[in-house]
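With the hints as extra help, turn the sequences into a complete structure.
4 protein chains.
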Amino acid sequence: MTVGTKTKREKLAEREDAIVSAATEAFLEKGMSAAKMAEIAASAGVAEGTLYLYFKNKEALFAAVVARHWESLTEGATAAIAKADSPDDQLEALARYTLRRILADWKLFELSFVLHYPVKEDGVGSDRRGYVRIFDQIVARGIDRGTFAPEADPRLVRDLFFGTIEYAVRSILQTGKNPKLEPVVIMLLTAVRAVLKPGQGQARTPDHAERIEAAVTRLEKLAER
Amino acid sequence: MTVGTKTKREKLAEREDAIVSAATEAFLEKGMSAAKMAEIAASAGVAEGTLYLYFKNKEALFAAVVARHWESLTEGATAAIAKADSPDDQLEALARYTLRRILADWKLFELSFVLHYPVKEDGVGSDRRGYVRIFDQIVARGIDRGTFAPEADPRLVRDLFFGTIEYAVRSILQTGKNPKLEPVVIMLLTAVRAVLKPGQGQARTPDHAERIEAAVTRLEKLAER
Amino acid sequence: MTVGTKTKREKLAEREDAIVSAATEAFLEKGMSAAKMAEIAASAGVAEGTLYLYFKNKEALFAAVVARHWESLTEGATAAIAKADSPDDQLEALARYTLRRILADWKLFELSFVLHYPVKEDGVGSDRRGYVRIFDQIVARGIDRGTFAPEADPRLVRDLFFGTIEYAVRSILQTGKNPKLEPVVIMLLTAVRAVLKPGQGQARTPDHAERIEAAVTRLEKLAER
Amino acid sequence: MTVGTKTKREKLAEREDAIVSAATEAFLEKGMSAAKMAEIAASAGVAEGTLYLYFKNKEALFAAVVARHWESLTEGATAAIAKADSPDDQLEALARYTLRRILADWKLFELSFVLHYPVKEDGVGSDRRGYVRIFDQIVARGIDRGTFAPEADPRLVRDLFFGTIEYAVRSILQTGKNPKLEPVVIMLLTAVRAVLKPGQGQARTPDHAERIEAAVTRLEKLAER
DNA sequence: TATGAATGAGACTTCATTCAT
DNA sequence: TATGAATGAAGTCTCATTCAT
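Chain order of the listed sequences is P, R, W and Z.
Mapping of the first sequence onto full-length UniProt numbering: position 179 corresponds to residue 179, and the numbering continues sequentially without gaps.
Mapping of the second sequence onto full-length UniProt numbering: position 77 corresponds to residue 77, and the numbering continues sequentially without gaps.
Mapping of the third sequence onto full-length UniProt numbering: position 142 corresponds to residue 142, and the numbering continues sequentially without gaps.
Mapping of the fourth sequence onto full-length UniProt numbering: position 113 corresponds to residue 113, and the numbering continues sequentially without gaps.
Do not rely on the hints blindly, as some may be mistaken.
Cut-off 30 Å, straight-line C-alpha distance, at most; resulting in silico cross-link-like pairs (DSS-like, lysine-lysine) [said to hold, decoys possible]: (1) W:Lys-36 with P:Lys-8; (2) R:Lys-30 with P:Lys-30; (3) Z:Lys-58 with Z:Lys-107; (4) Z:Lys-11 with Z:Lys-83; (5) Z:Lys-58 with P:Lys-56; (6) R:Lys-30 with P:Lys-107; (7) Z:Lys-30 with Z:Lys-180; (8) P:Lys-58 with W:Lys-36; (9) P:Lys-8 with P:Lys-83; (10) W:Lys-36 with Z:Lys-58; (11) W:Lys-36 with W:Lys-58.
Think of the hints as simulated: they come from the structure by calculation, not from any bench.
Shown next as structure tokens:
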């Protein structure tokens, strides 16, 4: 009976999901260390010991919560930029989505960055990677298409992009109720474009700088041998 | 007896200082929750109970650690921009100083943002204010002098400025050893100016010096291989 | 179908045997309380729940392990004294066998005496009886034949006999590598005979013939290797 | 004030004593693993945490209990043999005392031999040493005085002595109420003397047998290589 | 008979904080 | 003001045992 088999597997998945959900709530409300496993178990509708069948310990459960958050974020962002076409528009869509989403889940987001236990090299934190890749790909495509300057370093602009968004959300939350996102988006795009399209809108004249660059280029060729 | 009085007061101050120093070390090494009051007391050379004569509880001690960090940061920044004259140069000086300093004290900096106990509205976190004000004043002066566009919103640009720096440091620390700060400074200033001087044809082309730097950077990359 | 029936029964027996073997290993390695039912199940190739189909609980399983040990000991001893004829020789054979065997299985032997759960009157411990009976029978036969003094109390000499052996093994194991058993056997027999043959001018030193025979026996064993 | 100073130190000692006493009771009643720290604390009249100011953990507390037992035993034995003069009489006094004492504190005695945690080289168990030394000294003195045969090996006789006593107590406790100690003492002394005074009543001459035995022993050693 | 996921009581231990001295 | 022994609440995790399948 297919149903029976299915049920068995699904039950496990459902349970794990319930646990992670309960844990998310608890961690958000009380923070990592103040949240109690007993409460999480109770609110997930399982016994305490059961938690340890699904997650090795509290930290692992916490990691699962964080991981789920990033996955969800990544999925949402992928969907958000799907509608846009040009790299420029995609960047705008990503900015708007990230801003809104982080604003909504700020506490969870903040939780993601906290290191609670003696620093772990690739534990919590590695989850971000998938999300960041979305940005990198947009920039890469932009460079490919000639929309963005080829010498732009995606890793640098990335800092500009996400750093500004994160800080902006923090400011918004500190300031008060009335969150104005549009000005942030506009500023951010202005800044990002200034960096990704440095040459645009300026007359180009062969000058000292260019001659120096040419010389360096020759140097590079020399060095390559 | 001036000396006697002075000694008495100073002793208290010294002791407080010793405690905060010991606490700083402990918090850095183990994090807020893993650091033990007993150890802090021991390494400060006082009894456990004495800690509570100077600080209400662990959290207050932690707040003191963070506060001292921000004060030191503010002092340093004030000194750093004193040498510069124009708002543009001051911004650059501030960027460079902040970047270097946060890179150096990253752990302490990170500690400052972590919420360890059930969220407290204005506890830890209010310390940042003094530091941020430095940035605001530079921008204000720039607008006064006509260097920056009057319609610029300092609070927005602030997010761009500090957000980028913080994220950049994080990236640098994650990536590896060889921290290249100049590219970040250049990008940051490009972005900030694009926002603060929107009329000026959008972006600023890097001048000779900057382009040479960029070329040299490429040389460095070559040398790395 | 005889075969089918037989197979069925045998399967159960085999399984029980596997469980007891796995348990023995686990108890030896980790001790009673540190050994885990889950591990025992795994290493026996059955599910955890299955253990409880064969043994009521952990304690019962432990008891089975101990019981098997004593049974094996009893069998071995029976065989060992079968070759000897006179009560004197049987006693010597039993001493030598017990000494060797306890030395070999010391940990298991020690396990047999430990009380792990709130003292149980006749649980673990009753297994010894079969083994002890061998000794009693030898003494009884000796008294019958007139070899031993009729007023000797077997229960007392029993303490002398087994107590000395157990302690001697403990000493040997504590001291070091090079276990010299013969001196222990000689002393033990000297003592036992002094008690069992009080009239005979106290103790009986083995005479020339006996000692030479013993030496030759050892030579023969050497030759067997 | 002498009283004040004294009180302070004494308070600690008293407390430690109270804890050890409470622990002894608990361990006797429930065994090592079933005894609960909480109960021990309560019955000692201190907080749970206080236990850990005096003893690192449960195991250390257990070790202290056992150590105190052996110390007390050693003291008692020393006193018991003080009255006797000749090695023979001292041996008898020691036998009688040990028998009575182990019978009285059997459970505690048994506890002393149990290894609860993964075997520890010199933890519990090393306490016995002081007690055993008493026996060794008596024998040594006896040999000095010519009361005991010089070729007697104290370490061997020790096994006879203590092994028999321990087993006898076990038997007595298993059998029933009416503990008859005298027969045991008599038998034990008979046996011990038979071993310690082998020459008595029998001429001993270095003879063929001995030379053969020595030769065989040498052969065995050769075979071992 | 066999399974193994689930249970949940309970144990040890830690450590911020207090308070008598 | 300073001490540091004492407190005791609280938390994580283990593991023998059960029971629905």
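We went through each hint and held it up to the structure:
no. : hint                    : in the structure
1   : W:Lys-36 with P:Lys-8   : holds (27 Å)
2   : R:Lys-30 with P:Lys-30  : holds (21 Å)
3   : Z:Lys-58 with Z:Lys-107 : holds (19 Å)
4   : Z:Lys-11 with Z:Lys-83  : violated (35 Å)
5   : Z:Lys-58 with P:Lys-56  : holds (26 Å)
6   : R:Lys-30 with P:Lys-107 : holds (23 Å)
7   : Z:Lys-30 with Z:Lys-180 : holds (28 Å)
8   : P:Lys-58 with W:Lys-36  : holds (23 Å)
9   : P:Lys-8 with P:Lys-83   : violated (38 Å)
10  : W:Lys-36 with Z:Lys-58  : holds (21 Å)
11  : W:Lys-36 with W:Lys-58  : holds (9 Å)
Hint compliance for this structure: hints 4, 9 are broken, all remaining hints hold.
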